[in-house]
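Enquirer: Each chain is listed here by its residues.
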Amino acid sequence: MTLPPRDTLAAIAATRFGLGARPGEIARITADPQGWLRAQVRPEAVPIPLNPVGLPFPDSRARLVDFAAFKAAEKAAGADTDRRRTSGEMFRQGIAAELLGRTSIATTTDAPFAERWALFWSNHFTVSTRKSQELDALAASFEREAIRPHVFGRFETLLLASSRHPAMILYLDQQSSIGPNSKAGLRRTAGLNENLAREIMELHTLGVSAGYTQADVTEFARVLTGWSVGRREQPGETAGSFMYRPNLHEPGTRTVFGQTYPPGDEDQALRVLADLAASGKTATHLATKLATHFVSDTPDPRLVRRLASAYHDSRGDLSVVARTLIEAPEAWTDTAAKVKTPYELLVSAYRAVDQAPRDYGREVNGPLNLLGQRPLSAPQPNGWSDRATDWAAPDALVKRLQWAQGFAASYANQVDPVQLATDALGSRLRPLTLATLQHAESRKEALAVLLMSPEFQRR
Amino acid sequence: MTHALSRRATLRLGFGLGLGVTVLGTTALAADARSPRLVVIICRGAMDGLSVSPPLHDPAYAALRGAIAIPPDKALPLDGDFGLHPKLVNIQRLALAGQARIAPAVAWPVHIRSHFEAQDLLESGADKLYGTQTGWLNRTVQALSEDRAARAIAVAPQAPLILQGPAAYDTWSPGAPFNPAGSRLAGILQDLYQPDPLLGPAFAAGLAVEHEAMALNANAPALKANDARDFATAAARFLAAPGGPAIAVISLDGFDTHANQGAADGQLANRLSGLDDVVAGLEKGLGPDWAQTAVVVATEFGRTAHVNGTGGTDHGTASTLIVAGGALKAGGLLGDWPGLGQGQLFENRDTAPTLDMRRVFKTLIVEHLGVDRRLADTRVFPDSRDAGLISGLV
Numbered sequence: 001m002t003l004p005p006r007d008t009l010a011a012i013a014a015t016r017f018g019l020g021a022r023p024g025e026i027a028r029i030t031a032d033p034q035g036w037l038r039a040q041v042r043p044e045a046v047p048i049p050l051n052p053v054g055l056p057f058p059d060s061r062a063r064l065v066d067f068a069a070f071k072a073a074e075k076a077a078g079a080d081t082d083r084r085r086t087s088g089e090m091f092r093q094g095i096a097a098e099l100l101g102r103t104s105i106a107t108t109t110d111a112p113f114a115e116r117w118a119l120f121w122s123n124h125f126t127v128s129t130r131k132s133q134e135l136d137a138l139a140a141s142f143e144r145e146a147i148r149p150h151v152f153g154r155f156e157t158l159l160l161a162s163s164r165h166p167a168m169i170l171y172l173d174q175q176s177s178i179g180p181n182s183k184a185g186l187r188r189t190a191g192l193n194e195n196l197a198r199e200i201m202e203l204h205t206l207g208v209s210a211g212y213t214q215a216d217v218t219e220f221a222r223v224l225t226g227w228s229v230g231r232r233e234q235p236g237e238t239a240g241s242f243m244y245r246p247n248l249h250e251p252g253t254r255t256v257f258g259q260t261y262p263p264g265d266e267d268q269a270l271r272v273l274a275d276l277a278a279s280g281k282t283a284t285h286l287a288t289k290l291a292t293h294f295v296s297d298t299p300d301p302r303l304v305r306r307l308a309s310a311y312h313d314s315r316g317d318l319s320v321v322a323r324t325l326i327e328a329p330e331a332w333t334d335t336a337a338k339v340k341t342p343y344e345l346l347v348s349a350y351r352a353v354d355q356a357p358r359d360y361g362r363e364v365n366g367p368l369n370l371l372g373q374r375p376l377s378a379p380q381p382n383g384w385s386d387r388a389t390d391w392a393a394p395d396a397l398v399k400r401l402q403w404a405q406g407f408a409a410s411y412a413n414q415v416d417p418v419q420l421a422t423d424a425l426g427s428r429l430r431p432l433t434l435a436t437l438q439h440a441e442s443r444k445e446a447l448a449v450l451l452m453s454p455e456f457q458r459r
Numbered sequence: 001m002t003h004a005l006s007r008r009a010t011l012r013l014g015f016g017l018g019l020g021v022t023v024l025g026t027t028a029l030a031a032d033a034r035s036p037r038l039v040v041i042i043c044r045g046a047m048d049g050l051s052v053s054p055p056l057h058d059p060a061y062a063a064l065r066g067a068i069a070i071p072p073d074k075a076l077p078l079d080g081d082f083g084l085h086p087k088l089v090n091i092q093r094l095a096l097a098g099q100a101r102i103a104p105a106v107a108w109p110v111h112i113r114s115h116f117e118a119q120d121l122l123e124s125g126a127d128k129l130y131g132t133q134t135g136w137l138n139r140t141v142q143a144l145s146e147d148r149a150a151r152a153i154a155v156a157p158q159a160p161l162i163l164q165g166p167a168a169y170d171t172w173s174p175g176a177p178f179n180p181a182g183s184r185l186a187g188i189l190q191d192l193y194q195p196d197p198l199l200g201p202a203f204a205a206g207l208a209v210e211h212e213a214m215a216l217n218a219n220a221p222a223l224k225a226n227d228a229r230d231f232a233t234a235a236a237r238f239l240a241a242p243g244g245p246a247i248a249v250i251s252l253d254g255f256d257t258h259a260n261q262g263a264a265d266g267q268l269a270n271r272l273s274g275l276d277d278v279v280a281g282l283e284k285g286l287g288p289d290w291a292q293t294a295v296v297v298a299t300e301f302g303r304t305a306h307v308n309g310t311g312g313t314d315h316g317t318a319s320t321l322i323v324a325g326g327a328l329k330a331g332g333l334l335g336d337w338p339g340l341g342q343g344q345l346f347e348n349r350d351t352a353p354t355l356d357m358r359r360v361f362k363t364l365i366v367e368h369l370g371v372d373r374r375l376a377d378t379r380v381f382p383d384s385r386d387a388g389l390i391s392g393l394v
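Chains W and E, in that order, give the protein sequences.
Each residue of the first sequence is one higher than the one before, starting from 1 at the first, in this note's numbering.
Each residue of the second sequence is one higher than the one before, starting from 1 at the first, in this note's numbering.
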């Protein structure tokens, strides 16, 4: 398998592996597109969102303090609807500021492959604000605390950080799952909640067709009992922190997916997670998802095997997997088989005009809500779809067109659309699109055409 | 650019004369006042059948369910054995009028407890996992003979799997009004999209459906984005319009009640209230066409018979399916009740299935929409000859 010429590689690197080219990016990386990507494979290339004066946002504990203050103010407002409405203003602004900061990383970073890689894992370990208002408070801090620091480390570390984070525990109802023979279980009628156990096996590690059974799910749920979160109303506990509750833990030896685990309180689950992370089924599941995300809804099996072997041979080192993806010839096919998700489209448009959104509600949340992908709000724990056909639907494309017109109206006056198109797409720009841009009746029309062109919609 | 101009001209001409819009090169046919309508409502997350239609007289029900059992004095009366959830007031009204029926123990023939795989089966219509990449409603559209041709639409920006496939389909969701015929940009883009096998047909269909929506919604109250009730209103406007689609899909989510699901009130009750409003909204919006309409409400699987440790329920097997609509024949339960007692539960934990979900879907597409039985058995629901039709449903 031979690679396409270098200018094509540069265009692919910036659009398929990156988040869309900023002006000058493709020209800068043409000498060594793969080297540009390789250089991004380091933890420092995945920053955390910062507020406008460069300080970190509140951690999960502080977010829940703000949330409790908001709920108290809302309660105190009673029937006063104006006060009720304004009581959450500060809280919501705090979250919006972080999500704007998160978008700004994507629109301005010089390491867009690293950011895409982080977004992939954030979606892999979905925590969604649709579950509850509490998760509105925690979804962004979850990504910042549990995902971003670990995406170029060992998968086991990432899995552990996700599984122990209060946001994931609350999202998948783990906090009060009670072992029937635990101290608490023997005192009252209570029992297991299998949600986290099942989704860790099905979505986060082994994959649904790995061959585990309902008995494995139930056993793993028993192992996980006791993994919980601190509660505000309990003296000495901190909301927003992981907490092991020995009284809830099901005692005994467990068997999960063919492995036996001696009694071990809190650490029993650590051993199961380590084995799940090390499984060949997990390697194949993750390799398939990565190849699907980066290259095609129906990825070349050779690419999947390559990534799975890299995962297996490196004992789950995600930086090795990332470098393997970059080196894999199958990842560089010149067919742009993927359709950008709404978030990717929005980010790539800002990158193309070299701007960052300033108003989260108007420029990011509102449009993405209409386009069907409000940030951190996937409908179900399997996250946003990564299939091109799921995004390329009739209404979705009309909504994209409407958004593109509005975007072009705001930004067209500052740009030369033809130059912009060359900068954004490099050799992927088709002659027909270029001719159409040259014959457009206004800059605004030309910019909207560029954003809506098939080569800009695809990657 | 003459080619381009003529394509744009064709587009405008079609709109201007109100002709059947051309999608994917075939004239998409349209519902008239007498043709059958079908609405599929997918409740994602595994809707708890034992709360939708509580088996009030099953001796095991109250004990299995504890605090989340629907109290007999709160449940809406349905028949001697079952009640309906207190929030399903419109569905109960329809049931008492012979226009809604429940199937209390329905499941797909492949029993799995993964939401996502189970939704894939329900939507693909396959009898095994990863059996097909297209949706059974798409294959239904393909299987309809020319004189019965119908278009299908999902009220959502994206198309759910059930609708995906080679036959043209529409999606539409509320948003800012847009007039494609007045949009120069839309015309330009059609030329750019033409060679793209995925984006090209989707974009053309999007413009056509937007044109339709513009006419339908012009003098009607505005619809909210992301509001289930308004999705029902939108679906009804499309289905009731002369020349509109005859098949619609609506997805509702939030049914995965692992914790604090509540009983007569609470989390699940809120979702069911939304579902009830959706069915009522369809009835109201369809007006006289309700008489030709069948609505089916299905979920990927049911939930555990026993309450779990956190006031909720985990993934189970059989659940309740609801059929409603003026096209229905009056009648009782669909399928048998397996019971919840010792030895009656599936794998000692779930409501046991007594009815193959495909039989309901297949009856609706064959006897209501008029799909050829052989195609229904082989193409729409592959290898499903054993799943026979249900007599006396429509």
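Note that these hints are calculated values from the structure, not bench results.
These numbers come from a predicted model, not from an experiment.
Don't take every hint at face value.
[To be verified] Now the stretches of chain W that chain E is said to cover, found in silico as 3 or more residues with beta-carbon under 8 Å: (1) 39-49; (2) 352-361; (3) 385-394; (4) 442-455.
Note that beta-carbon positions come from the ideal geometry of N, C-alpha and C, so glycine has one too.
Enquirer: Each hint should be assessed against the structure and marked as holding or not.
Expert: The hints, checked one at a time:
Coverage of a stretch by a chain is defined here by at least three residues with a beta carbon nearer than 8 Å to that chain's beta carbons; for the region 39-49 of chain W and chain E the count is 0, and the condition is violated. Proximity of the region 352-361 of chain W to chain E, defined as three or more residues with a beta carbon under 8 Å from a beta carbon of that chain, is not established by the 0 residues found. Remark: the region 385-394 of chain W is confirmed as covered by chain E, as 8 of its residues place a Cβ nearer than 8 Å to a Cβ of that chain, reaching the required three. Given as covered by chain E, the region 442-455 of chain W passes the check, having 6 residues with a CB less than 8 Å from a CB of that chain where 3 are the minimum.
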